[in-house]
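Heads up, the sequence shown is in the UniProt record's numbering, so the first residue is 1 and it goes up one at a time.
Bear in mind the hints are in silico, worked out from the structure with no lab data behind them. Each hint should be verified, as a subset may be incorrect.
[Claimed, not checked] With a Cα cut of at most 20 Å, we get these calculated SDA-like pairs of lysine to any residue: (1) K5 with A53; (2) K239 with H280; (3) K143 with H280; (4) K239 with K143; (5) K143 with P131; (6) K113 with G172; (7) K239 with A336; (8) K143 with L250; (9) K5 with K113; (10) K143 with V206; (11) K355 with A336; (12) K355 with W61; (13) K239 with H249; (14) K355 with H280; (15) K5 with S350; (16) K5 with L351; (17) K113 with F72; (18) K5 with P356; (19) K239 with R100; (20) K113 with I243; (21) K355 with I337; (22) K5 with N348; (23) K283 with Q209; (24) K113 with V124; (25) K113 with W44; (26) K355 with V343; (27) K5 with L352; (28) K66 with L56; (29) K355 with L62; (30) K143 with S198; (31) K5 with L62; (32) K5 with W44.
[Said to hold, decoys possible] Estimated spans, in silico, between C-beta atoms of each pair: (33) A258 with L278: 40 to 48 Å; (34) A340 with P29: 22 to 30 Å; (35) G287 with V117: 39 to 47 Å; (36) P29 with G287: 31 to 39 Å; (37) V182 with A340: 35 to 43 Å; (38) K5 with N291: 12 to 20 Å; (39) M275 with T142: 36 to 44 Å; (40) D318 with P245: 28 to 36 Å.
Where a beta carbon is used, it is the ideal one built from N, C-alpha and C, also for glycine.
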Amino acid sequence: MYLAKQFGANWFTTVMGIGIVAALTYSSPFRFPCQHAIGIVVFWGLNALFVVATPLWASRWLLYPKEALEDFRHPERVLFYGALAMGINVVGNDWFIVGRHVFHPSLAVDVSKAVWVVGAIVAVLTAVIVPYLLFTEHQVSTKDTLASWLIPVVPPIVAAATGSNLIPYWGGVQVQFAVTAVILAMFGMTFFLFIMVSSLVYARLVYHQRLGGAVVPSLWVEIGPIGMSMATLATLATKIHAILPQYSHLLEGLAAVASMALWGVGIWWIAIAAMHTLFHLRKRGEGIPFNMGWWSYVFPIGSFTSGTYALGHLLRYDFFVIAGFVQLLILWGCFAIVLARTVSGVVNGSLLQWKPPADAFLQKEHANPQHARG
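Build the full structure now, drawing on both the sequences and the hints.
This is the structure in structure tokens:
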């Protein structure tokens, strides 16, 4: 199980990326040939990956607890526990969006609800524990500030956005109101943390030297919570008529105005991140070496696309339907490149080593000579 030793929470960025591509492809309001078939195929791939990834990650805790605990002492590796939380929520959301058309609808909804509860709990724990460790244990400086600091605080708003679809399926009005209250609380938790962390990121971009090519993909993380904020507000506005009828029209207007304003902020971040990316692809830049951080080109773009979809459903104007389709095409382009590079890295051993290095085996034999002779 040497493979499990290397399998940290960062690998759930692949679950996030594949999952959001499946849901957005299947549910695209701009219809195109085979979209449902493609979405279902990617949905099956997501479930296969999740079934493999979860035991591998759990095995790391059972077989290599020292290495697993060491992640919490590392200010960069610990961030990816947010990817674990978001990966769980994405799987649950895909069972609602796609799974209802593959399995019996009530079964798919029950699975989605169960997974959402687990994902919401993990999301809140991540948003509390990781910042606490940053405040009390980790040693960082302002120049270390990256948009990847958002990864552990974004999960509650991902849970809020995905949970909004499930509101009508939670029994009576009292239960639906409780779920809505929890969703709004999680939205508030992440939204204001997003503003604070983004302020730090902006300051780092202003006062320190430009980002290096290896970390420039992290800038794309910024559009993730923007998209999920849009999705939460716009979806809630269409789901609470039975719970808060006296506020439904007010919330629809607020959601429309706020989401369109956030859409503008997202476009600005996309422009800034794209220019950084293009700079490092030119001769003056450093290049962008491939690593798992490249999945920042997938899930955040997908999150922003989901927000555009939700805004289109709320306002019912072709502008956001067409914008959402353009974003989906860009998402698929990024997804194809990153997935191909990831599969290649796994196969050739540059991302995951399939067996221990020979020198490590020799060192083990040298440290246990009697065992080696026996």
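query = Does the structure keep K143 and P131 at a Cα separation of 20 Å or less?
reply = This hinted pair holds, its Cα atoms lying about 17 Å apart.
task = Would you mind confirming whether the straight-line C-alpha gap from K355 to V343 stays at or under 20 Å?
result = Holds - the C-alpha atoms of V343 and K355 are around 17 Å apart, at most 20 Å.
ask   = Does the Cβ-Cβ separation between G287 and V117 fall within 39 to 47 Å?
value = 43 Å, holds
inquiry  = Can you tell me whether the CB distance of M275 to T142 sits inside 36 to 44 Å?
reply    = Hint violated: Cβ distance 22 Å, outside 36 to 44 Å.
query = Is the Cα-Cα distance between K5 and L351 20 Å or less?
reply = OK: K5 and L351 at ~13 Å, within 20 Å.
request  = Decide if the proposed pair is consistent with the structure: K5 and N348, CA atoms, cutoff 20 Å inclusive.
outcome  = Roughly 18 Å separates the two Cα atoms, so the pair holds.
key: Holds or violated: K239 to A336, with C-alpha atoms at most 20 Å apart   = Given pair K239, A336 is violated - Cα atoms ~34 Å apart, limit 20 Å.
inquiry  = For a C-alpha distance cap of 20 Å, please report whether K283 and Q209 respect it.
reply    = 18 Å, holds
query = Are the Cα positions of K239 and H249 separated by 20 Å at most?
reply = 12 Å, holds
request  = Quickly compare the C-alpha distance for K143 and H280 to 20 Å and report which way the hint goes.
outcome  = Given that 20 Å is the threshold and the Cα spacing comes to 19 Å, the pair holds.
task = Go ahead and decide if the range 28 to 36 Å is satisfied by the Cβ distance of D318 to P245.
result = 29 Å, holds
inquiry  = Checking one constraint from the list: CA of K143 to CA of V206, max 20 Å. Satisfied?
reply    = It holds: about 10 Å lies between the C-alpha atoms, which stays within 20 Å.
Against the hints set out earlier in the document, violations occur for numbers 2, 4, 7, 8, 9, 11, 14, 17, 21, 32, 33 and 39.
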